[in-house]
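*Asks:* The chain contents come next:
2 protein chains.
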Amino acid sequence: METQTVIKEKEAITEFCGREGDVRFAGTHLLVELWTSKFLREPNRIRGIIIEAVKACGATMLGIDLHVFSPNGGVSGVAILQESHLSIHTWPEYEYAAIDIFVCGTINPSLAVPVLKERFQPDRIEVREIKRGILP
Amino acid sequence: METQTVIKEKEAITEFCGREGDVRFAGTHLLVELWTSKFLREPNRIRGIIIEAVKACGATMLGIDLHVFSPNGGVSGVAILQESHLSIHTWPEYEYAAIDIFVCGTINPSLAVPVLKERFQPDRIEVREIKRGILP
Chain A
0 METQTVIKEK EAITEFCGRE GDVRFAGTHL LVELWTSKFL REPNRIRGII
50 IEAVKACGAT MLGIDLHVFS PNGGVSGVAI LQESHLSIHT WPEYEYAAID
100 IFVCGTINPS LAVPVLKERF QPDRIEVREI KRGILP
Chain B
0 METQTVIKEK EAITEFCGRE GDVRFAGTHL LVELWTSKFL REPNRIRGII
50 IEAVKACGAT MLGIDLHVFS PNGGVSGVAI LQESHLSIHT WPEYEYAAID
100 IFVCGTINPS LAVPVLKERF QPDRIEVREI KRGILP
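These protein sequence lines map, in sequence, to chains A and B.
For the first sequence, position 25 (counting from the first letter as 1) is numbered 24 according to numbering that gives the first Met the number 0, and the numbering increases by one without interruption.
For the second sequence, position 28 (counting from the first letter as 1) is numbered 27 according to numbering that gives the first Met the number 0, and the numbering increases by one without interruption.
Everything labelled a hint here was simulated from the structure, so no lab data went into it.
The reader is advised that the hints may include incorrect statements.
Identical copies carry no separate label here, and so any pair may be met within one copy or between two of them.
[Stated by the list, open to error] Computed cross-link-like contacts, SDA-like style, restricted to lysine to any residue with a CA-CA straight-line distance of at most 25 Å:
#: 1; residue 1: Lys116; residue 2: Arg18
#: 2; residue 1: Lys116; residue 2: Ile133
#: 3; residue 1: Lys130; residue 2: Gly47
#: 4; residue 1: Lys116; residue 2: Asp21
#: 5; residue 1: Lys54; residue 2: Asp21
#: 6; residue 1: Lys130; residue 2: Ser36
#: 7; residue 1: Lys54; residue 2: Tyr93
#: 8; residue 1: Lys37; residue 2: Glu19
#: 9; residue 1: Lys54; residue 2: Pro135
#: 10; residue 1: Lys54; residue 2: Glu92
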């Protein structure tokens with residue numbers, strides 16, 4: 000029984016954290032800076048792109064909230080995932096969107112980036128990856 | 000009339016972006032790494048702390064979603080703000096929470112940090128500030 004408990008704990012650790020070499024961490028966070036003139040005022044398009052991006056990572060969406068702001072028509076969309084969240088905030092007046100893809104476990108958030116490139120057709124995109132919760 | 004329109008545009012720019020010296024940016028994003036044994040499995044406490052943190056910044060909450068995960072009892076809470084979002088994801092098994100405070104305009108997200116310190120009483124807290132959407 001004791002051995003079985005230890006195995007279960009190891010499984011839980013594998014499931015809820017990532018690993019690169021000797022480094023273990025709670026999650027991987029991509030900060031995406033996207034410069035485009037496309038769809039930044041279109042909540043339905045943005046909803047579709049969020050759903051597609053979540054699917055591309057193999058993550059599981061639990062809920063999604065979208066808001067449209069006046070006077071510039073900017074959109075905020077946040078999807079809560081089983082593996083954390085994906086958010087988009089747009090500033091159409093600057094042709095800019097800030098996108099965050101934050102996932103735990105073995106999910107690879109980079110798989111969402113080709114979807115963002117294909118759908119938004121950005122003039123410029125910058126992606127920063129930050130490991131969150133690096134374990135001692 | 001023309002003058003008035005120009006003034007309105009200037010006001011809109013002031014409202015929806017921040018400025019430090021000559022640098023203008025769409026938003027300020029705090030990534031908070033919080034190590035604590037307190038409240039990481041308690042969605043109602045976490046909801047209360049999110050609400051208090053949003054208030055401390057002077058931001059406006061539009062909605063909040065919370066989810067509790069099995070088997071470890073981790074909580075995900077995401078508040079959509081008029082000024083972007085505040086999210087908390089907890090890993091009770093590591094006594095860790097990843098918190099993001101992303102705001103646009105002249106809101107100062109650092110004002111939320113004392114609330115997080117007071118409520119979660121962390122053993123350790125690290126705060127990174129990232130400017131999002133640095134304008135050309």
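*Asks:* Each hint needs a verdict: does it hold in this structure or not?
*Replies:* For each hint, the structure was consulted:
In this homomeric assembly, Lys116 and Arg18 never come within 25 Å of each other (Cα to Cα): the closest approach is 27 Å inside a single copy and 28 Å across copies. For the homomeric pair Lys116 and Ile133, the shortest alpha-carbon distance between copies (20 Å) is at most 25 Å, but the shortest distance inside one copy (29 Å) is not. Taking the shortest Cα distances, Lys130 and Gly47 never come within 25 Å of each other, neither inside one copy (27 Å) nor across copies (27 Å). Proximity of Lys116 and Asp21 under a CA criterion of 25 Å is satisfied in neither setting, with 32 Å inside one chain copy and 30 Å between copies.
With identical chains, the CA atoms of Lys54 and Asp21 are never at most 25 Å apart, being 29 Å at best within one copy and 40 Å at best between copies. In the homo-oligomer, the alpha carbons of Lys130 and Ser36 lie at most 25 Å apart only across protomers (21 Å), although the nearest pairing inside one protomer, at 30 Å, exceeds that limit. When the C-alpha separation of Lys54 and Tyr93 is checked against a cutoff of 25 Å, the pair qualifies neither within a copy, at 28 Å, nor between copies, at 28 Å. In the homo-oligomer, the alpha carbons of Lys37 and Glu19 never lie at most 25 Å apart, since the shortest distance is 36 Å inside one protomer and 28 Å across protomers.
For the identical chains of this complex, Lys54 and Pro135 are neighbours neither inside a copy (32 Å) nor across copies (33 Å), given an alpha-carbon limit of 25 Å. In this assembly of identical chains, the alpha carbons of Lys54 and Glu92 never lie at most 25 Å apart, being 29 Å within a copy and 27 Å across copies at closest.
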